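J.: The task is to assemble the complex, starting from two chains supplied on their own in separate frames and drawing on the hints.
Each protein sequence line maps, in turn, to chains A and B. 247 is the number that the numbering used here gives to position 247 of the first sequence; each next residue is one higher, with no gaps. 255 is the number that the numbering used here gives to position 255 of the second sequence; each next residue is one higher, with no gaps.
Incorrect hints may appear among the rest.
[Unchecked claim] Derived CB-CB ranges, DEER-like:
| # | chain 1 | residue 1 | chain 2 | residue 2 | range |
| --- | --- | --- | --- | --- | --- |
| 1 | A | 116 | B | 291 | 27 to 35 Å |
| 2 | A | 158 | B | 245 | 33 to 41 Å |
| 3 | A | 258 | B | 185 | 49 to 57 Å |
| 4 | A | 4 | B | 322 | 26 to 34 Å |
| 5 | A | 140 | B | 291 | 20 to 28 Å |
| 6 | B | 216 | A | 116 | 47 to 55 Å |
| 7 | A | 99 | B | 140 | 40 to 48 Å |
| 8 | A | 97 | B | 355 | 52 to 60 Å |
| 9 | B | 218 | A | 68 | 50 to 58 Å |
| 10 | A | 76 | B | 347 | 49 to 57 Å |
| 11 | B | 118 | A | 167 | 54 to 62 Å |
| 12 | A | 60 | B | 424 | 21 to 29 Å |
| 13 | A | 60 | B | 216 | 16 to 24 Å |
| 14 | A | 60 | B | 421 | 33 to 41 Å |
[What the hints assert, rightly or not] Which chain A residues face chain B? A few, computed with CB under 8 Å, are given here:
| # | residue |
| --- | --- |
| 15 | 114 |
| 16 | 116 |
| 17 | 121 |
| 18 | 126 |
| 19 | 154 |
| 20 | 183 |
| 21 | 265 |
[As the list claims (entries may be wrong)] According to the in silico footprint, chain B covers these stretches of chain A (three or more CB under 8 Å from chain B):
| # | segment |
| --- | --- |
| 22 | 219 to 226 |
| 23 | 266 to 275 |
If you are wondering where the hints come from, they were derived from the structure by calculation, not from laboratory data. Keep in mind it's a predicted model, so treat the numbers as computed, not measured. All C-beta atoms, glycine included, are put in the ideal place defined by N, C-alpha and C.
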Amino acid sequence: MEISTFFYIIFSSLQIGLIYALISIGFNLLYSSTKIINVAYGEFITIGAFVAYWLFVLYNIPPPVSIFVAIVILVVMSIPLYQILFRRLLASKSVEYIEIWGVIITFGLSILLQGTMALVWSAQSKGYSYLDNVIDILSLTFTLNKIVTVVIAAVLVVFLYYLLFRTDVGISMRSVIQDPNLAETIGLEMNRIFLSSFILSSVIAGIAGVLLSMSFEINPFMGTTYIILAFVVTAIGGVGNPIGSFIGGLFLGALSVLIGYTIGPGLNLFIIYTLLVVVLIIRPKGLLGRG
Amino acid sequence: MRTKLALFALILAAILLFGCAQQPTKPTPTPTATPAATAKPGKESIKIGFTISLSGPGAGAGTEQYRAYEAWKEWVNSKGGIYVKEYNKKLPVEFVYYDDATEPARAKSLYEKLILEDKVDLLLAPWGTFIHLAIVPVIEKYKIPVIGNTAGVEQAKINELQTTYEFFTYPTPKTSAMAYTLFLENLGVKKIALLYAQTDFTVANAKWNKEFIEDKKFADVVVYEGYPLGSTDLKGLLLKVKEANPDAVVVHSYPADAILVTSQMKELDINPKVFILGVGGQILAFDQKFDDKTKEGIVALNTWHPDFYPEASELYNLYIKKYGHNPPSHALGLAWVSCITLQKAIERAGTLDSVKIRDVLASETFETPFGEVKFENQVNNQALTVFDQWQNGELKPIFVFKGVYPNVELAKEFKTTKMEYPKPNWPK
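Chain B extracted, bound-state conformation (with noise of 0.2 Å):
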């Protein structure tokens, strides 16, 4: 009995160490002080913390936008760190980072562990839309400025949650869904099929899509169908596609659901003119899961791209030396993006006080290798929105927009490919 005893309790602890591993202990607040105002001269490092999904539902895109953080530091640390004026030398970052699970009460628990026991510098974003909102109440109240990234959230949320210190880089869903109108306007479509997987993001995404080709009269919605994230199967919706035979499929997908989306409709048959994935269709397993015949033609949402800049590109291969093989997907933009927009503030800003840092990135504009930066009512109002589309096994742009709702319109500067129209169908 003793013996069964132990083992039990053996277990029992392994579990809570697991589960627990990254609770912070109790933090006593000390909301006055911020934790810029107490460095001190002579200063070593910028140190830099957040949380990401390394375990649970966003482990995948997690890993990747961890993994482009990791790149940005060694790029960054390669030249010397960052330059800040009142230590009058480049200071390299240093991270301090947790695994939230992908829960947010956990990251907001450990934000607030970052800036009181740890005693980070500043902040980077955690992953996802969700996190993104959870973590607002600690960084308003210790006043520390976070560049989102992986989060699409509405205006009119960003509004009601009155932060000051949340910036957000990804465009909002109303100013996506109006590039993919625009793109669509623009293809001459005249029956579209709108799919969603049923998550705010990507449901705000597919109702004002809907909503703007509805306004602009240029085709018919004729099929509009959410499914639930995370379903094993979708042919009963797919065979009503079919039967619909639209000329433009688009799906506001995650990841796991534009793969099962993908090989069903090629099992099925489904030939569009236009196929297009939001999220998922541009990362690394999308990648791996299909032949190059069959991703020919696939159009996939994205932020960037990195032909765009030499400095991206020089990141992006960085992140292929370290990491291996991976497209350029979505996340590592975003996850530059906001890295890159911070290390230009904290340059501009002179110093390590979090809330001049704040004031600058409210007021400046900072030209980044993925795009223009300048924060209006907290959210980029330059954001790019791209179309890729796997062209001989690799994502090429074919469209970029810049701008954010209602001012959203085709940028011309970039250098994109030819978009191969019609899709050539699927292959046997």
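For reference, chain A alone in the conformation it holds in the complex (with noise of 0.2 Å):
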């Protein structure tokens, strides 16, 4: 191997694999602190990629710029949805009932959500060129955009750090995802931490959204494909532990870069869900799983 493709590959491993586990963070913590498996999730990814190609299209409003944009959105549109279908079901306590249910609504969510944005936007898909230029790095060739997106992923993964280990906040949803029982007991406000987990969670989606859209077509189906990756990561990383997402999605950023150097990515699937199912025999709340 030549020196070059090693530095490609540990780069390309650090690229997808920061979005890989920003997207497992945001699903994760949502099912941990509420137990709701969110299958409506990759809508909001999408929403936050159209939030960005409408705003680079019509505006051309720069995508790091439409993070905030998307933020202001998400937070919008989350407090009402979250009041309507969420608020009374989480009321219930009862883990199976909001799992189930909980599937259920979201995939209701899901399939209102996709199908308004094929109404609004047409399923045709969209892209635009956002600081598509090459630049030059000791000899080695990167995109900007690319750059940018692995520089705000690794920002937002700190702060997502700082905010769940560091403030008030996070630590409360921590608490709720270590020992809901106990969180209650000592008077934690339960609802606001549920709903600061969504709130939080579509956020990160969104902001997800926002950066992929840099890179890939966008359109209202794509959120498909997120969601089966938010749910692989998190159960290969760890349910209930923020850090065992961002492992599980830096290791399988690595592992598909290197399955596609060696024996070629048309075995990634086939290896990755191996590895599922291996891990979810052995470990089966993932290698760094809690609660």
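T.: Take a look at the structure:
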């Protein structure tokens, strides 16, 4: 292997792994704190992608700026969605009940959002070209938008770490994840924590969508790919542990690049799903799972 | 509790409504009567039915095909409709269509509904090879022809289906593969990387492409790899391509991965002399995704070009006026060749009797703005395989091949643009 290939593998693994990690952290966070498996999570990613697309195409607003608009839109959307769809469900406090009905409700929400987006923006795939120029760094070539993606994703991961491990809101969320009964007993306001988790999860999805839109085509049905990815990374990395999602994301990113380079990407999904099954047999809560 | 139940019931109802909105009721089969047999004199329109993928994984391409159908309807109706001799007048075209959600089983049921409940006179094709194949039993049973478009099927598979009512306008995989091979041989490349999305259509294209290159012995296939459809990263594979340093990179692609491969080829600064994409290199998202300098010199597979015939250009301009900017993608040409062939078959048959129209389709030759159409063993033996190249932000035809395997030849009668070769390096 040439030395340049080695560095390309490292950068590519990081680039893909960070996006996987980001997607998984948002999904994992909501499930761990509320037990809601948000099947519509992929559609929040799609919304973020479309916000970036339209702002860029109509007003030439660069995607890094669109992130802030996407955050506002997703917060505004998340609050009524939570109040209407999840508040009463979560009040039941039955894990099985929340898990089953959570899937059904968010499945309906997913179809509703996909259908609405297809109706309003059409299902035809779209894309835009932003910072698509190649730059040389130490005789290696990189596309500028990929570097922007890596930097934003890395900053966001660090910010989420700080938020979850160093702030009161984050510590409350993690207390609920680790022991919901104890968290309630010590007087934490559960409804507020659930709402915060839902908003944070949606916002993370939206930001991931903005980042993905810089590299991929977008359409109202693109979320399906990413919800599957979120499931797999979370299940392998560890349910209930944002650090598990982070490590799982980086691990799967590196694995898919290495599989592609060595035995060919044709076996990529086969190997990753085999790994998923093995991990679930040995450690049902994932490699770093809790709760 | 009651409120909670009501809320859940509401959501469940919404899910069922969305999921099953297009599910037909169980039909009562009446295989002996064809709808055309009951058509009454004094008819006011020709009712044409189809399903199309407006949701699910095929929605992007399906939407483009649906819009092409709508543009043709508007075009043909603006000329007064289709002349049908048995009514001694032109009849406007009317559509009845459903979203098949990219599900073959649903499409099959819906085609039966179109025939039995909606009582359509004739049919247009759905989107995608696997849905084209799924509806064969229905159209055979009710004896209504379908002129396929977005379906690349092996001749052996068509023979196996024993269909006499489904016709295929898209070149068979062997045909496309031979066209790719002749094109590459003509360029004189010596090292070729062949990549392919793992779908029936693209796997077959790549397999034959490799075999023909090896048979002709003009170049070595230095990388031959497939990748799953919906891949989010192909860097590992492309690093392998970079190390092999091929003269030509040929990707038998689908829309999403055509963008992915291009973007990552550029990122890894892989600069072959020629870079050819299959499906996806000519679509709107691809056009929007890359600036003109990045697209410059990339070759994409197609089946037509608006510059070939004035009527094709007329239809294309109508599409642009109706739906906005769109490159002359393969889906548009394919949709229109099937619509116009049906239109011409109706005019020739002078009736809406589907069996008679089928007989005309099976036996006659049709001049269309998308090339000649002559079905032999259900496949258009005059099918065009066009290689377009992005030049100054536009798709220009550079090589045109005609015919089906083994009779694929360079079609010199079409005006082409000089190819930019070698492809310029990626801009920095």
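J.: Evaluate each hint against the coordinates.
T.: Hints, verified against the model:
no., hint, in the structure
1, 116(A) x 291(B): 27 to 35 Å, "holds (31 Å)"
2, 158(A) x 245(B): 33 to 41 Å, "holds (39 Å)"
3, 258(A) x 185(B): 49 to 57 Å, "violated (35 Å)"
4, 4(A) x 322(B): 26 to 34 Å, "violated (49 Å)"
5, 140(A) x 291(B): 20 to 28 Å, "holds (22 Å)"
6, 216(B) x 116(A): 47 to 55 Å, "holds (52 Å)"
7, 99(A) x 140(B): 40 to 48 Å, "holds (46 Å)"
8, 97(A) x 355(B): 52 to 60 Å, "holds (58 Å)"
9, 218(B) x 68(A): 50 to 58 Å, "holds (55 Å)"
10, 76(A) x 347(B): 49 to 57 Å, "holds (56 Å)"
11, 118(B) x 167(A): 54 to 62 Å, "holds (60 Å)"
12, 60(A) x 424(B): 21 to 29 Å, "holds (27 Å)"
13, 60(A) x 216(B): 16 to 24 Å, "violated (49 Å)"
14, 60(A) x 421(B): 33 to 41 Å, "holds (35 Å)"
15, 114, "holds (7 Å)"
16, 116, "violated (10 Å)"
17, 121, "violated (10 Å)"
18, 126, "holds (6 Å)"
19, 154, "violated (17 Å)"
20, 183, "violated (24 Å)"
21, 265, "holds (4 Å)"
22, 219 to 226, "holds (count 5)"
23, 266 to 275, "holds (count 3)"
The structure shown violates the earlier hints numbered 3, 4, 13, 16, 17, 19 and 20.
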